Amino acid sequence: MSRIGVFVCHCGENISRTVDVEQVAKAAGEIPGVAYSCDYKYMCSDPGQTLLKKAVAEHKLDGVLVAACSPRMHEKTFRKAAEAAGLNPYLCEMANIREHCSWVHEDRDMATAKAKDIVKLMVERVRKGKSLAPITVPVTKRALVIGGGIAGIQAALDVADAGHQVVLVERDPSIGGHMAQLSETFPTLDCSQCIMTPKMVDVANHPNITLYTYSEIEKVDGYIGNFQVTVKHKARSVDESKCTGCGVCMTKCPKKKIPNEFDQGHGMRPAIYVPFPQAVPNTPVIDRENCTMFQSGKCGVCAKVCGPGAVDYEQKDTLTVEDVGAIVVATGFKLYTIDRKPEGSPIQGYGEFGYGTIPDIIDGMTFERLASASGPTGGKILRPSDGKEPKQVVFIQCVGSRAREKGISYCSKVCCMYTAKHTMLYHHKVHDGQAYVFFMDARTPGKGYDEFWRRAVEEEEAVYIRGMVSRMYQRGDKIVVMGSDIQVGTQVEIEADLVVLATAVQPQDGADLLAQKLGISYDKYNFYSEAHAKLKPVECATAGIYLAGACQGPKDIPDTVSQASAAAAKVMTLFAKDKLERDPVVAKVNEKYCVGCFACKKVCAYGAIEEKEIRDRQGNLVKKVAYVNPGVCGGCGTCQATCPSKSIELDGYTDEQIMAMIEAL
Amino acid sequence: MTPGKKRLSYSYYPGCSLHASGREYDISTRALFKALNVGLKEVPDWFCCGATPAHNVDELLSLSLCAKNLSLAEEVEGDLAVACAACFSRLKTTQHHLKEDDSKRKQVEVAIDGPAALNKPVKHIMEILAREYGLAKLEESVKKPLLGLKVAPYYGCLLTRPPEVPELDDCEDPSIMEDLLRALGAEPVKWSHRMECCGANFTLSRPGVVLKLSNAILESARIAGADCIMVACPLCHGNLDIRQKEIKEAYGAPDSTLFGNIFGSELHGGSAPDQRDLPIFYVTQLAALAMGVASESLGFESVITDPKPLLRDKQLL
Numbered sequence: 001m002s003r004i005g006v007f008v009c010h011c012g013e014n015i016s017r018t019v020d021v022e023q024v025a026k027a028a029g030e031i032p033g034v035a036y037s038c039d040y041k042y043m044c045s046d047p048g049q050t051l052l053k054k055a056v057a058e059h060k061l062d063g064v065l066v067a068a069c070s071p072r073m074h075e076k077t078f079r080k081a082a083e084a085a086g087l088n089p090y091l092c093e094m095a096n097i098r099e100h101c102s103w104v105h106e107d108r109d110m111a112t113a114k115a116k117d118i119v120k121l122m123v124e125r126v127r128k129g130k131s132l133a134p135i136t137v138p139v140t141k142r143a144l145v146i147g148g149g150i151a152g153i154q155a156a157l158d159v160a161d162a163g164h165q166v167v168l169v170e171r172d173p174s175i176g177g178h179m180a181q182l183s184e185t186f187p188t189l190d191c192s193q194c195i196m197t198p199k200m201v202d203v204a205n206h207p208n209i210t211l212y213t214y215s216e217i218e219k220v221d222g223y224i225g226n227f228q229v230t231v232k233h234k235a236r237s238v239d240e241s242k243c244t245g246c247g248v249c250m251t252k253c254p255k256k257k258i259p260n261e262f263d264q265g266h267g268m269r270p271a272i273y274v275p276f277p278q279a280v281p282n283t284p285v286i287d288r289e290n291c292t293m294f295q296s297g298k299c300g301v302c303a304k305v306c307g308p309g310a311v312d313y314e315q316k317d318t319l320t321v322e323d324v325g326a327i328v329v330a331t332g333f334k335l336y337t338i339d340r341k342p343e344g345s346p347i348q349g350y351g352e353f354g355y356g357t358i359p360d361i362i363d364g365m366t367f368e369r370l371a372s373a374s375g376p377t378g379g380k381i382l383r384p385s386d387g388k389e390p391k392q393v394v395f396i397q398c399v400g401s402r403a404r405e406k407g408i409s410y411c412s413k414v415c416c417m418y419t420a421k422h423t424m425l426y427h428h429k430v431h432d433g434q435a436y437v438f439f440m441d442a443r444t445p446g447k448g449y450d451e452f453w454r455r456a457v458e459e460e461e462a463v464y465i466r467g468m469v470s471r472m473y474q475r476g477d478k479i480v481v482m483g484s485d486i487q488v489g490t491q492v493e494i495e496a497d498l499v500v501l502a503t504a505v506q507p508q509d510g511a512d513l514l515a516q517k518l519g520i521s522y523d524k525y526n527f528y529s530e531a532h533a534k535l536k537p538v539e540c541a542t543a544g545i546y547l548a549g550a551c552q553g554p555k556d557i558p559d560t561v562s563q564a565s566a567a568a569a570k571v572m573t574l575f576a577k578d579k580l581e582r583d584p585v586v587a588k589v590n591e592k593y594c595v596g597c598f599a600c601k602k603v604c605a606y607g608a609i610e611e612k613e614i615r616d617r618q619g620n621l622v623k624k625v626a627y628v629n630p631g632v633c634g635g636c637g638t639c640q641a642t643c644p645s646k647s648i649e650l651d652g653y654t655d656e657q658i659m660a661m662i663e664a665l
Numbered sequence: 666m667t668p669g670k671k672r673l674s675y676s677y678y679p680g681c682s683l684h685a686s687g688r689e690y691d692i693s694t695r696a697l698f699k700a701l702n703v704g705l706k707e708v709p710d711w712f713c714c715g716a717t718p719a720h721n722v723d724e725l726l727s728l729s730l731c732a733k734n735l736s737l738a739e740e741v742e743g744d745l746a747v748a749c750a751a752c753f754s755r756l757k758t759t760q761h762h763l764k765e766d767d768s769k770r771k772q773v774e775v776a777i778d779g780p781a782a783l784n785k786p787v788k789h790i791m792e793i794l795a796r797e798y799g800l801a802k803l804e805e806s807v808k809k810p811l812l813g814l815k816v817a818p819y820y821g822c823l824l825t826r827p828p829e830v831p832e833l834d835d836c837e838d839p840s841i842m843e844d845l846l847r848a849l850g851a852e853p854v855k856w857s858h859r860m861e862c863c864g865a866n867f868t869l870s871r872p873g874v875v876l877k878l879s880n881a882i883l884e885s886a887r888i889a890g891a892d893c894i895m896v897a898c899p900l901c902h903g904n905l906d907i908r909q910k911e912i913k914e915a916y917g918a919p920d921s922t923l924f925g926n927i928f929g930s931e932l933h934g935g936s937a938p939d940q941r942d943l944p945i946f947y948v949t950q951l952a953a954l955a956m957g958v959a960s961e962s963l964g965f966e967s968v969i970t971d972p973k974p975l976l977r978d979k980q981l982l
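Heads up: the sequence lines are chains A and B, in that order. So for the first sequence, the numbering used here puts the first residue at 1; every next one is plus one. So for the second sequence, the numbering used here puts the first residue at 666; every next one is plus one.
No wet-lab data here; the hints were simulated from the structure. Where hints are given, some of them may not hold.
If you want a taste of the chain B side facing chain A, the calculated C-beta under 7 Å gives, among others [stated by the list, open to error]: (1) 835; (2) 837; (3) 838.
Values in this document were obtained by computation on a predicted structure and should not be read as measured data. The beta-carbon is built from N, C-alpha and C at its ideal position, and this holds for glycine as well.
Chain B with its partners taken away, still in its complex shape (with noise of 0.2 Å):
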């Protein structure tokens, strides 16, 4: 840390998946964050932001989850690091809705017996990592370079979108992951389905619906050769992750003629789309493993597709 300047820090706000079926990607964070030297506060007593089910069932009970959280992390100096992407979503989407519909505004108000901080900067990890650390640095601050992994970046459907709210990158031609990749050393491959959805929001009603998407994104990233994804949201994580045993038995070998076989003779030494299993990690999981954070710390012990052989494969274990 250069004398004089000020060493960044933030409050934290982990979101329930972080402290649960995500948690490695909670403690990477705080890993990476202390590997980076930056200062990173809990907010005390935060709850649920309400995620996915609330605003489908109550727009007001939604805003006012939200509003509470931003509230009570006034209390911690420095902007808001959030990690999870539907917790970034729901979070920038009620100060941009609070903020437009002053009507509303008084109503949440009155829910949650104050004012609503519209007002506190709330940033994506990855942000805060691209802009505010900045890409520069954090290729300095690299000890172990990702050097040969051929990293899938996954964006999903809620980082970008819609435009006006997260306001984290191009909604169309995002590149922050990218970026980011390339500042670890790795190779992040040219891939169509950065961009689509998982189907999260079905994960329990509609499985089939999930499988099939969450089929479409692994496929397309073994197509563009990558060795593994890289995402930003524990229920993107969820879906990629867990499920790759359920879509294998309920999709079977990939169809060769539905992909054609361009890429995959080039990339795959000859061979078709595989099967392969692909590791799905999280940018902070990725980014501490660069910094030489021992890996016992990340979490990979508490994932189902096991990224350990791959890693060694590569040399970075």
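If we strip away everything but chain A, and leave its shape as in the complex, we get (with noise of 0.2 Å):
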């Protein structure tokens, strides 16, 4: 190869500030084998790429090295120009002399000479480039979404709306989420119910849904377009396919006091039941650790009255395998619960304010409960510990929330939002009551929303006090609410019947060991991480896998609604084409060397790296070599570094252009 093309670019003054672009051109212009060298103010524009295609025809050349930012930024921009120029792509290489020259020095000689340097070793890396062919791989059209809140089930409808076949997988025996807990919602008070049970139907019903509730995810082996997943079905004890939902079972089981999860614990359910009347599906569930029967063997209350004789104790767990082409991980939040300390949490609890000691202290969750048609009190808003009406309620925002000092630092996003809800819910039923909000500030950036906080202040009369709580303690049957208010100055006493905190959102439970089993990456809080915040904010670092709702950090309903439907789309995007085609820069063997330690095994990330028998025309076996799977393999090149043969090279990378390129210097 001996006509390159060096394009220096100035990336507006970002590099020439720094770097003597005119020079480094001129310098490129003289290596031996650079046909052409030029710089322009913005390579990466219209008319810098024009440039460059112009230059390839013009010039003849057979290779391209442009001097500018970091790959990962413009490489595909110019590999795609170069390929309109008609040049194979991987023949387009680009030097960094932005992140690595211009922006960390200051001495513009040295940073010049630098960048000549730079520029000098990567022509070396393009003369010895060789044209790649990307790599195809089939697609499996079949989608696997995680989790049935309302971020899986838009998802898997939209999916399953698009013709391709979707396998929903919920953990808790019923899909539904959060939202199907929520009493209204904001900003338009709309029944939760009355939005999210159609759609939950709707997934029920759809011929394109497989749906598996009661079931978790137990593996995930392949890649992009061929996953295989395993998915463990939990033993319901019920036979779904035999089950009526007459729900006898549910109304004769003689254990009938165990706290109901779906009302947070304050309404009561049997021990075989379902979460709540409207669940999808609506097949009962043995809870085996309070059941009778399964703790001493003497019950069989349900069996005896079932009808259709679903119910089966024998039951045990199942495994099935599904092969499916994308993943959409939609498995939501958890509230943060002040009095349970688990293991491990950053958390440190609030032991001043006497949630978990004090009954009149609840969560934002367990309010929404009480204030639900279909909660523990029929929507009346009851304090737990008398069941009184509440005259006085105080509702304290940002609790675990936005405190550094007790662990988490980031916004919920939603409290202050459903906190004007409550006020205004508890408002409504309670006409001579009286709201108090304590307040760090309102954070209303959404459609309608500061109107509707607005109104919950001027309009609905909750008294907002800017301050924190230091303490709260009983008082005969009040608690005593300590806080200050910061714009008047001065320490507030407020004596309330009941106090609503707003915890922090925080990813479920588990959300780590899940990541690490679809090989994704998450944050210190164990949010998962998209793969850009602005221009991917969907997608993860791992191909075909894709974020729907809170899992990726707080969100309310439309931005989740919003999100799982540009998951859909994503997916849907990945299933329009018959074959993937993949970045060629990937590993391959020379099977002749190889000798078979798989060293390379052992260090590869993606479990890319394969055992393959070499056998004579006899049929024997000759040696055992390394194979590289092309359509796993995610292109690092560690397995070069620690192949002791040398038989392992990443094209685009090999060890003739890395020689190449420190023999220039």
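Quick one: dock chain against chain with the hints and give me the complex.
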């Protein structure tokens, strides 16, 4: 290869401020084999790309080097331009003289010299470059959605409506998630169940959706377009195919006083139960830890009364393997419960709030259940301790969230709005009651949100006190709330009948373990990380896995649904092609030299390396060698660095290229 | 003492209160440690830690006073045992600040003409009793369990706060006093004001503030059904014990609407919260009593609110 073109970018002033780009271009032109060099203010712009294309044609270039920013930013842009000009895109490389040079140096002369060196060695790499062809892999047009809350439901319905098969896996006995627990939703105050339950029914009835409730992800193998997911179906102890959902088993169950998780422990349920009357599927499950039959072997009432004979005490957990091409993760959130401090939790608790010891201090989700028509009080606001109607209710915002000293520094995003909603619901139901809110700031940046908050304050007359609460204690049947009002600069004491804490939004339990199974990344709070905060907000860094809803960070319903539909759209984009093109920068094994030590297999983070048998014509085993599955290989090069016999190489980063680069200096 | 096991032994910083208004805290501490066979050797030539006035006036002075005491304590073997909550807080605060701030440490070392003993472990006697001597062993050592005695354990503001300094217990929900009381056979009551401030800083300058705060503490202890209050600070003791008469005069009969009557009616056999005298005990007085130390050597005669009727009533004297 001998006709290389070098294009040096100013990046506005990002590079040219510190590096003399004209000199770099001039020096590049003097490197043997460089047929053309130039500089331009914005190489990535349309005129910049045109310049590149024209030069390829005019100077018959057979290799291109763009000295500009990081290849992460614009490698694709320039490779596309080179391709348009008739070159193989992998004969176009980038020299990073911005992040690696202009941004990190101040001395113009030295930075210019360094830029020249970077260009010089990259020219050698271009010289030794080879044309590469994209790898194609088949796509299984079937999607897996993990989590059956509003995010999972929306994503599943969107993909299913587009004509693709969807497997929806939910670990609880019913889909619906937190949204099914809510009373009314902001900012329109429409009933959550009324908009949620029809969607749940749609999921159950959709011909393209396979619904697995009471199931968990056991193992994930494969790669984009070709995942094999092992799903564990926990024993329901009720045969779904026989159960008619009549509910006789639940009414006859002698054990009825088990705190109902769906009602935040405030309602009661039997040992054989559906989480709530509108559950989908309407098939009960036996809670084996609380069931007399499982604990002592004496009872069996539900089996006796079950007409279709669906109760099966012998049922075992089963596994199925699902082949899917894409995965949407929608595992949602939980609320931080301040009295329980699980091992390893970063939260230090709020001992002085008395949560857990004073029954009338509850969290936001419990208030939702109190206000919900399907809740333990039938929608009446009654306090847990004595069932009286509370006349003074104190709401406290930012409990656990935005508190660096307590361990969680992020804003939980939804609490300002749901607390405003709570004050409204309360005033609508208790006309002579008064709601107080302790808050730091009101964060209401959504369509119609600020108007909603103002309505709570101005029309519904919730008293907003800017300041935090220091402690609460019981005095008689009241809760004394001691706080501060920083606008008036005084201490405040309110005698409340009920206190509602807006506690922090946290990822679901086990979010980190699921991420490890999926091979996706998560932050220090266990929220899943998107590939790019702005440009790839629903993709994971792992190809073929998408995020929807609060598993990625606190989100309200509109945002969650939008993201779920976006994730579905990404799945459909993937499914639009029969074959998937993948970057050909993958490792290849030289089978002649490979001794089959499989050191590469041990270090491969992607699980891309397999063992391959080499046999002679008689079918006798000659030796075992490594084989790289190009569909799985991430192109990281760890195997290449590890291989003791130098028989594994990454295309585009061959030993020959690296040596040539070193020798150029 | 198990053979081969080293006898626990501490250097001891009593602080000025314990040699003056809080003498009974000092003598009961010594009596208790003797009864438990734990060594206690007073730091020679110690002086005032500056308590609350010094750090309000001059930070360098307050740090230097404590740093000097710490370096004197280095001369006596064993971790430094401190009984007074204010001394404990100041000594720990000094170590904390000087460890964090090198330039301050250098200034202080010039002032005290020597190195500051920043690594001398400073321990509150409750820490020693509950964690080092051990609750189980303490329970075993009890000769006269404090059965039937309902005690309101009072932490006050200095023992656990600010959380990074004393490292004694959870700053919002401590339990060390309750644990100790249970080990001694007494019944710790659940009450609301166990960590409120008694107003000690204002005891001379704004007595009105002190009366208000101390009244709230005494009231809530009575409502919770306590027979007495247990403290670990001579300043708290001063306010709660000496001022009871003054508080009664200032506040009269308690406002029954203020506290509701749920607790009152249940716990006092139908009577509303009263203005019973509440004896204020030091943690060491109660512990020593349970260890069978003679009451004559616990300083009961030098307090204002006489605890003897209560103790006789509970057959503890």
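A quick look at each hint next to the structure:
1. Hint status for residue 835 (chain B): holds, given a least beta-carbon distance of 6 Å to chain A, under 7 Å.
2. Interface hint at residue 837 (chain B): satisfied, since its Cβ lies 3 Å from the closest Cβ of chain A, which is below the 7 Å cut-off.
3. Interface hint at residue 838 (chain B): satisfied, since its Cβ lies 3 Å from the closest Cβ of chain A, which is below the 7 Å cut-off.
In terms of the numbered hints stated before, the structure departs from none.
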